[in-house]
Amino acid sequence: MNKALKYSISAAVAAVVGLSASAWAAELTVVSWGGAYTKSQVKAYHEPFTAKTGVKINSEDYSGGLAEVKAQVESKNVKWDIVDVELSDAVRGCDEGLLETIDPAILPPAPDGTPAAKDFIDGALSDCAVANIVWSTIYAYDKTKFPNNAPKTMADFFNVKDFPGKRGMRKGPKPNLEFALMADGVAPGDVYKMLATPAGVDRAFAKLDSIKDSVVWWEAGAQPPQLLADGEVAMTTAYNGRIFGAVASENKPFEIVWDGQILDLDLFVIPKGAPNKKEALEFIAFATDTQRLADQAKYISYGPARKSSGPLVGKFQDGKIDMAPHMPTAADNMKVALLNDFAFWADYQDELNERFTAWLAK
Amino acid sequence: MVDTALNTTSVADGLLTDDGKSLKAKLALATRRNKLRAFLLVAPLLVFILVTFLWPIGVMLYRSVYSPNFGETFYRTAIAIKDWDGKDLPSEDVFAAFVADLVQAKKDRTIGKAGTRINYEISGARSLFTSSARKAKKLEPPYKEALIGVKEQWGERNLWSTIKRLTGSYTASFYLASLDRRYNKDNQIVTQPEERQIYLPLFLRTFWIGGLVMVFCIILGYPIAYLLSILPLRTSNLLMIMVLLPFWTSLLVRTTAWIAILQREGIVNDVLVFLRIISDENRIQMIYNQAGTIIAMTHILLPFMVLPLYSVMKTIPPSYMRAARSLGATQFTAFTRVYMPQTLPGVGAGSVLVFILAIGYYITPALVGGRTGTLISNVIAGHMQKSLNWGLAAALGSLLLASVLVLYWLYNKIVGVDKMKFG
Amino acid sequence: MALPSYAGPGERIWYYSFRVVCGAIFLFLILPVLIVVPLSFNAEPYFTFTSGMLSFDADAFSLRWYADIFKNGMSAPNDAFSWAWISDSWSNAQWVHSTKNSFFIAIWVTILATSLGTLAALGLSQSELPFRGALMGILISPMIVPLIITAAGMYFFYSDVGLAQTYIGVILAHTALGTPFVVITVTATMIGFDRSLIRAGANLGAQPHTVFFKVIMPLILPGVISGGLFAFITSFDEVVAVLFLSGFEQRTIPRQMWSGIREQISPTILAVATILVCISIVLLSTVEILRRRSEKMRGIRPV
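Chains as they are written, first to last, in the numbering used here: chain R, 1 to 362; chain X, 363 to 785; chain D, 786 to 1088.
It is possible that some hints are incorrect.
Said to hold, decoys possible - In silico contact screen, one side only, chain D against chain R (beta carbon under 10 Å); selected entries: (1) 832; (2) 835; (3) 839; (4) 947; (5) 949; (6) 950; (7) 1032; (8) 1033; (9) 1034.
Unchecked claim - Each pair of labels, with its calculated beta carbon distance range: (10) 534/X with 249/R: 50 to 56 Å; (11) 875/D with 596/X: 51 to 57 Å; (12) 53/R with 1067/D: 44 to 50 Å; (13) 918/D with 697/X: 30 to 36 Å.
Hints were generated in silico from the structure; no laboratory data involved. From the three backbone atoms N, C-alpha and C, an ideal C-beta is built for every residue, glycine too.
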């Protein structure tokens, strides 16, 4: 656009508002997914950080994706200091130069001295991102709807004959295609190989076709527990923490089926040109240390990204529920599990999104 | 003053004012001054709208054709590939330039962006670019063989013709994509395979829903506008509130209300179950689908139909109908032959307005549209916020805008924008 | 038009059935707006009438969702009611925060849009104005262009000039969307305006600005206020531009409702909706009173 116009408008605005970047120097803007998840971060990371350093933290919500980061970075007008993103977005953002690089050397070692690079689980550290939690997409059902014959496997989710009732699924190809293939008998290890071939995609869609008429589509993570609670669906795919929250805090009769769960990471990133990069790095180093990651599990059932945090995970905030078995990473839950392949989705999401949209509309 | 004087210009030619100048010149000056004054009054808003509204939209739509990013990253390749005839694989020069670009793109961290761009055209190309860029530094000439050695896809002609196409700053591919077309291997434009056709059906659905909403608005709006126009003013003013209150009530409030009314555990279903018309298990799905969208949108847009209809109907003297009756026409004939034709301008105005607003709707379909009730606006928003394919969003947006502008022009022809009124 | 005494039975049936049909349509229009009011007093977290509500059991009704408007987001919502509680709610409750934002933004929009729009309408109503149709077309276009396109365009542009996620950005965007209503309403008032009054004023020795404030302004004032209220409600209800342009800090009521409906559906939304319906009733009544006043002043008598 016209530079002169751009600068004159910027100047006028700056003059009118009297805003200058320095006025915000001692405040960090941390952006995350909202709801119970953000609350757990505020309790476990933000409040102790502010208490320790005196840096105030503004917590903002967003609904994921890189759109805002991209718009801010491209216009050189970055307002966010730290963003909590999904793995595929962390990798894509790093490749596209939207994110600052983070040197893993700044991260504190585990209490026993293991360096951070070894302490984090595989894939949790990348050039631009540091993971804080492991979460997973599972499916959950309403116990009252299946008093005698409860669903146990991913195949049961797609079996409307023996397990009647509406199904809730995320409105998008990811991770429904993976679920469909696993339900169709594909081993977790072969899912992405298969999805990279047209025949595999056809097979996944064919499986989805079999329950298409029974599906209610959701978009936001808070919807699935709501759908279950309202009786709109009998079972639904969901993020495990949301279902745990509904069970633990509201005593809902929901049960998680871990078979075929798809694990993913949430990571902290810093948009390129963030106003308070120094404090942001400090925050990330603080928030992802062993104790802080273990603390977060007190408030929500997502697994810590450090191996050394595992043994420190204690009880839920009510002091009753033992959190360890509710972690996606618990051995019992990992029997049939798939790790989300970000590279696959970075490559195929446009095509599969289109195909999914076309399929939905039919 | 001016308007009377204008008629007498011919007389004014020879006349002089008391300061000795020609009256004609003075009048012309006065007219000019008036014109200028009128324009100056409009100018602040005009500038405001141009700067904060039209210019931003223009810049955004420009993205649908202007996409220089790939060519900037692969600038050496852009020059080298110019002479390639597209028949066999490009020459070694092109490969050498390309590898040099890859190395630099990796260093500058621009490879991801370029990879994303080409991934819109060829799925999977993104990782081909990023993974090859990682190895590019170690490659040795001859680069052609070396690159194909890294990944055999580099030996595909289709890939190179796409690269050649993308090195230009301007592109038609976003428009092609929004019309479910694409380039094939030989640079010809072909239709997308059926399972990937989404935008044309979506445009059709948008127009179809817009049309249905318009028809329902006519069916529901016509009787009440007629009733309002024949009732005594006191009564009609009171009833008018029923039309105006929804009009003044937040869109989100009305959409929420429809969710409460139509959902599976909602009021309508509850009543039907209570009356034993349906059983508790077979509650009807009335929202989060096309039906829900149409019902909610009809409700929201109905005032836009009633108001123009009412203002036209109010001007039709009742004596015309009485005259027709006394000439022997039945009530029905008098209504259809005498009354209805006079209301057509109102119907036209309302219909075009409703249709224009309906096809651009975003909020209501996003909240209650579900799988079958989403419109083109929702997909544009998705490309803006989720997939970040801003070029495609711009192309879809400009197609939508073009249809709206044609209708707006039509509306201007039928009624004139300055005749628009609320309440 | 009452039923004439000579009407036959067929006409009689038609007369009554037509009124029944119209009544049903009016109900279709008004019921959804009113239905949120009783539902918002539901004691249960549902969007529907419970059996208790239908039998008018007092326990089935509650004000808990209204209380939630003030509590949600507070750091200590369950403390005793005190000044500290109020100040906690005032500064921390999310709905309170967005209400403050909505009013702040809408008031600025009203001021800006009304001034710009009224000036333009004065110019547009002069027959000497060149390219009148085209200008009118441009000035009305914000109302016609699909909101998603407007919002997307502003998103890029305002990011570029540093206005995204600022109050000024949202205010400017809403002003652009609100001015067409002011232009239309004020222009409509000017159509019935007797221009000889201006000349009469000038003839009696008044300066142009005196003429404007003493003659023109009082006559078009009702139109200007109506236009201003339209601009206010446009901004107050707008959500698409806010979705794209506002950060968390600039959240407005509709933005909060939007995420509420999409994510955590709670009857708090219905409580907010009820309050919004009351606001619309107030605004609508004001506009209606003004319209009648204006018609009276301009000597347009109801026929």
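The hints, checked one at a time:
| no. | hint | result |
| --- | --- | --- |
| 1 | 832 | 9 Å, holds |
| 2 | 835 | 14 Å, violated |
| 3 | 839 | 19 Å, violated |
| 4 | 947 | 5 Å, holds |
| 5 | 949 | 7 Å, holds |
| 6 | 950 | 5 Å, holds |
| 7 | 1032 | 6 Å, holds |
| 8 | 1033 | 4 Å, holds |
| 9 | 1034 | 8 Å, holds |
| 10 | 534/X with 249/R: 50 to 56 Å | 54 Å, holds |
| 11 | 875/D with 596/X: 51 to 57 Å | 45 Å, violated |
| 12 | 53/R with 1067/D: 44 to 50 Å | 48 Å, holds |
| 13 | 918/D with 697/X: 30 to 36 Å | 35 Å, holds |
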